[in-house]
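Chemist: Chain residues, written in single-letter form:
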Amino acid sequence: MLPSFSYARPRTLKDALTRLSASGAHPHAGGTDLLGCLRDGVFDAREVVSLSDLAELRGIARTKDGGLRIGALATLAELARHPDVVSRYPVLAQGAAAAASPQLRNQGTVGGNVCQRPRCWYFRGDFLCARKGGELCYAENGENEYHAIFGGSGCHIVHPSDTAPALVALGATAVVASAKGSRRVPMEKLFVLPAVDIHHETVLAPGELVTEILVPPPPPGARSLYRKVRSRAAWDFALAGVAAVVSVADGKVTNARLVLSGVAPVPWRVPGAERALAGKPLDAASAAVAARAAVEGAAPLAGNGYKVDLVRGVVEEALTVLATPATPA
Amino acid sequence: MRIVLTVNGAVREVDVAPVARLLDVIRETLGLTGTKEGCGEGECGACTVLLDGTPVNSCLVAAAQCAGRSVVTVEGLGSAERLSALQEELVSHGGAQCGICTPGVLVSAAALLSRGGVPTDAEVREALAGNICRCTGYQKIVDGVRAAAVRNAAAARGAS
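Residue numbers (my numbering), protein chains in the order written: chain A, 1 to 329; chain B, 330 to 489.
Calculated directly from the structure, the hints in this document are not laboratory data.
Hints are supplied without guarantee of correctness; some may be wrong.
[Claimed, not checked] Derived CB-CB ranges, DEER-like: (1) 305(A) / 483(B): 19 to 27 Å; (2) 53(A) / 346(B): 15 to 23 Å; (3) 233(A) / 411(B): 31 to 39 Å; (4) 368(B) / 233(A): 48 to 56 Å; (5) 61(A) / 484(B): 35 to 43 Å; (6) 302(A) / 362(B): 45 to 53 Å.
We put the beta carbon where it would ideally sit given N, CA and C, even for glycine.
Turn these sequences into a full structure, and let the hints guide you.
Modeler: Put into structure tokens, the structure is as follows:
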């Protein structure tokens, strides 16, 4: 059993957004993160607002401009096997397939995967850490082998999502709605570093909900890939990973977007590595240069220096795989 | 709140608290104790059931979310008197030791076998990735699931 709260199952998005504007209201999509957070007392809910009856938040479909519209309630399993995602956005299908376990992918949604709370064991445990309103980041001088090597200041969580890095790499946009209206937020701007807001992982204001994600058409000549390193072969969070979208024309890289997972409080774009590839042939040499650039500025803690090597390796490996002609677009 | 759902083929109407998990309804309200609670946080898969045909962790599903939906628990796969091919093969391959993970393993494996064909070892392991066995008996489980798939495929050929 879970702590006490009231439960609403609105029939319309308007009603749901009105209910979510109340303090202490939380949206309930798949619930795989929400129920764990409520059970562990990570936060309390006065009212849980089920999104189950909101058909307009479901589905994955091609848009008129040749892009993709993903309803926030699309499950990770749907995303991982959707033919259009698999063939045109491999990085996203692979990210969804690499997340969690089969059971969790069947239940968990893309909206929830992007907006899930961090897995830091101090944040999830009985510690009033800085993110929960306390004074300290217990990881800073504590057990920090799974924590951030980039972007940590006052809090060293890593962003746990495998789909968010892919969506950032693809230049996707989140549609965010509240009782007051809706707005579009580029996925890259959806996430905030602790230096900006230590209590939240996204720019969502209270009462705002991600209702859908829009992915632009894949750029011509684009190849993409998500590579994830974890402690076991399946069902684990990333120690480090990379979502790579690289466009090649006439043998030269025209555009590259590389976004790391598991190493920073937000999906971590590495512009230095992207610049290192621009105008170069995509080959072992440029992959090695980009991989070195990807770890510039890394600030590991006492227990997670291995992640620097891991990032270098995973970026080099991903780019090397993308460089082989057999890689599907 | 009262909800109506189908459990193992039978329509059931149950009174559920907002805070109840599907696991609580299955075990406490309906008395179907085949489904086990392991970790209670979606890590171990002992509580796996089929929700509209796909495996989910019933400890992370709110009961209120299940109105109008179909649930299959391990009791719905076969009975002690009439085991399914999957259950028989897990028994004969020694694919169960302490037994706590077994109901969840059976449900995940049943979902895999319902797709038809004979999965590879890797496909079985991927389908069972969310079912943790702390007796470390994975190979015998994989062998049992594949043997059941072979039997089911042969039976399907015989029937056609």
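Chemist: If a hint holds in the structure, say so; if it doesn't, say that too.
Modeler: Hints versus structure:
Taking the beta carbon of each, residue 305(A) and residue 483(B) are about 54 Å apart, not inside 19 to 27 Å as hinted. Distance hint check for residue 53(A) and residue 346(B): the Cβ-Cβ separation is about 20 Å, which falls inside the suggested range of 15 to 23 Å. At roughly 36 Å, the beta carbons of residue 233(A) and residue 411(B) sit within the given window of 31 to 39 Å. In this structure the supplied range 48 to 56 Å is violated for residue 368(B) paired with residue 233(A), their Cβ-Cβ distance being about 20 Å.
For the pair residue 61(A) and residue 484(B), the supplied restraint of 35 to 43 Å holds, since their beta-carbon distance comes to about 39 Å. Between residue 302(A) and residue 362(B) the C-beta distance comes to about 46 Å, which sits within the given range of 45 to 53 Å.
Of the numbered hints stated above, those contradicted by the structure are hints 1 and 4, listed in ascending order.
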